[in-house]
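Asks: Protein chains in written order, with numbering that gives the first Met the number 0: chain A, 0 to 268; chain B, 0 to 143.
None of these hints come from the bench; they were simulated from the model. Keep in mind it's a predicted model, so treat the numbers as computed, not measured. Beta carbons are placed, not taken as given, at the ideal position from N, Cα and C, and that holds for glycine. Please note that a few of the clues may not be correct.
Claimed, not checked - Computed from the model, here is a short list of chain A residues facing chain B with C-beta under 7 Å: (1) 3; (2) 4; (3) 7; (4) 8; (5) 19; (6) 27; (7) 28; (8) 33; (9) 147.
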Amino acid sequence: MMEKTLTQLLITVLLFFGTLFALQQVDWVSLFKVEEITDKTEEKLGDLLWETFKASETENSDPILVKSVDSIVAKISESNDFDKEFFKVHVLNSDEVNAFALPNGHLVIYTGLIVDAEHQDELVGVIGHEMAHIQMQHVMKKLVKEIGFSVLISITTGSAGGEIVKQAAKTLSSSAFDRSLEKEADIKAVDYLTNANVNPAPFADFLYRLSLADSQLPSIVSWISTHPDSKERAEYILEYSKDKSTDFKSILSEKTWESIKEKLTFSEN
Amino acid sequence: MIHIKQFSYEPGDHEAEKASNSYLMSLIAIIAGLPFPIINLLATFIFYLGNRKSTYFVRWHCTQALVSQVSMLFINSVAFWWTIGIIFWDESLTNNYFAYMFTAFIFNFTEFVATIYTAIKARKGIHVEWWLYGPLTNLICKPR
Numbered sequence: 000m001m002e003k004t005l006t007q008l009l010i011t012v013l014l015f016f017g018t019l020f021a022l023q024q025v026d027w028v029s030l031f032k033v034e035e036i037t038d039k040t041e042e043k044l045g046d047l048l049w050e051t052f053k054a055s056e057t058e059n060s061d062p063i064l065v066k067s068v069d070s071i072v073a074k075i076s077e078s079n080d081f082d083k084e085f086f087k088v089h090v091l092n093s094d095e096v097n098a099f100a101l102p103n104g105h106l107v108i109y110t111g112l113i114v115d116a117e118h119q120d121e122l123v124g125v126i127g128h129e130m131a132h133i134q135m136q137h138v139m140k141k142l143v144k145e146i147g148f149s150v151l152i153s154i155t156t157g158s159a160g161g162e163i164v165k166q167a168a169k170t171l172s173s174s175a176f177d178r179s180l181e182k183e184a185d186i187k188a189v190d191y192l193t194n195a196n197v198n199p200a201p202f203a204d205f206l207y208r209l210s211l212a213d214s215q216l217p218s219i220v221s222w223i224s225t226h227p228d229s230k231e232r233a234e235y236i237l238e239y240s241k242d243k244s245t246d247f248k249s250i251l252s253e254k255t256w257e258s259i260k261e262k263l264t265f266s267e268n
Numbered sequence: 000m001i002h003i004k005q006f007s008y009e010p011g012d013h014e015a016e017k018a019s020n021s022y023l024m025s026l027i028a029i030i031a032g033l034p035f036p037i038i039n040l041l042a043t044f045i046f047y048l049g050n051r052k053s054t055y056f057v058r059w060h061c062t063q064a065l066v067s068q069v070s071m072l073f074i075n076s077v078a079f080w081w082t083i084g085i086i087f088w089d090e091s092l093t094n095n096y097f098a099y100m101f102t103a104f105i106f107n108f109t110e111f112v113a114t115i116y117t118a119i120k121a122r123k124g125i126h127v128e129w130w131l132y133g134p135l136t137n138l139i140c141k142p143r
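Model the full assembly from the supplied sequences, consistent with the hints where possible.
Replies: Rendered as structure tokens:
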């Protein structure tokens, strides 16, 4: 009797794993168009979240500024084989030192961050970091983790209230990613920058400087408060970029960068 | 897969009803247990405890219903937590997930059909032994 039971158990286990193995051969993900649905959700969500920022803040439409930021994104995209059309860059007028990524390639930069950057490569570093979050799918991962997949779906179908949309927007603009995701984005940003022949050292300087400023201006320096352990990050960015090429060249001309800074500083005062 | 066998004695109508109920218990529990697989097992286990001093026929069928739920618990718990991971954590929908869910469905469905069939037969006092669970029950459940 025991032998019979064991034989039948073995056959059942084999049958289970055999069925599983056979079914694993089917490409269910493309059969059910999972990626298409996920992409559509991300697209809707990104546009919806951007609309909330657009409604509450003013977009800076200065042609030189917009073109310059676009050219930074275009240069990083070209050097790293990204589809530059996917990134939708928006510059918002605010003295907050902040930049963040939204789903569907929306990248939001506050003028406060541009004013605070002492060198254009610092801004390029932050843009590279946010582009890495987008490229590595961190944005959707964070939203799913913090808000939940079902709520995200309800936002896109319109059944969720405005408060939930606002909460999602707040999550992305003023809370940190996991430490491991931040590190991944930093390291990727160094790769993107060096591929575009941009010096990553100023990005590390920027983090280091803001970590010092953090204690003095906690309310304004959002980017750093949402990106903790800046000193440590500055250190590993420098460490990682140590053996990279040294033939660096800034993306914007000095003249363009100066004029952007001048205009923004003037409008802030 | 399923064998109708001669039981050691002819069960009475009252016994047949109780034995049949042990399967119905697991069927009802499936509805409540879909979100939480442990409920299926708990329901059949409680029914088993309530009938462990009953006649051999009733005990035998309660045991078969129980052991079948134990194995389903493993399969369904993996399915349950994998799904939770996708909804609340950052697990993604993969081919492996779909393959597992369909396999789990096939096994659950087979068990579901067998359960209904056995519940009907047991109600008529007919003794039905399942593949694997039948011999296993014979090892666990002995006449007093």
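Asks: Hints numbered earlier in the text: which of these fail when held up against the supplied structure?
Replies: none
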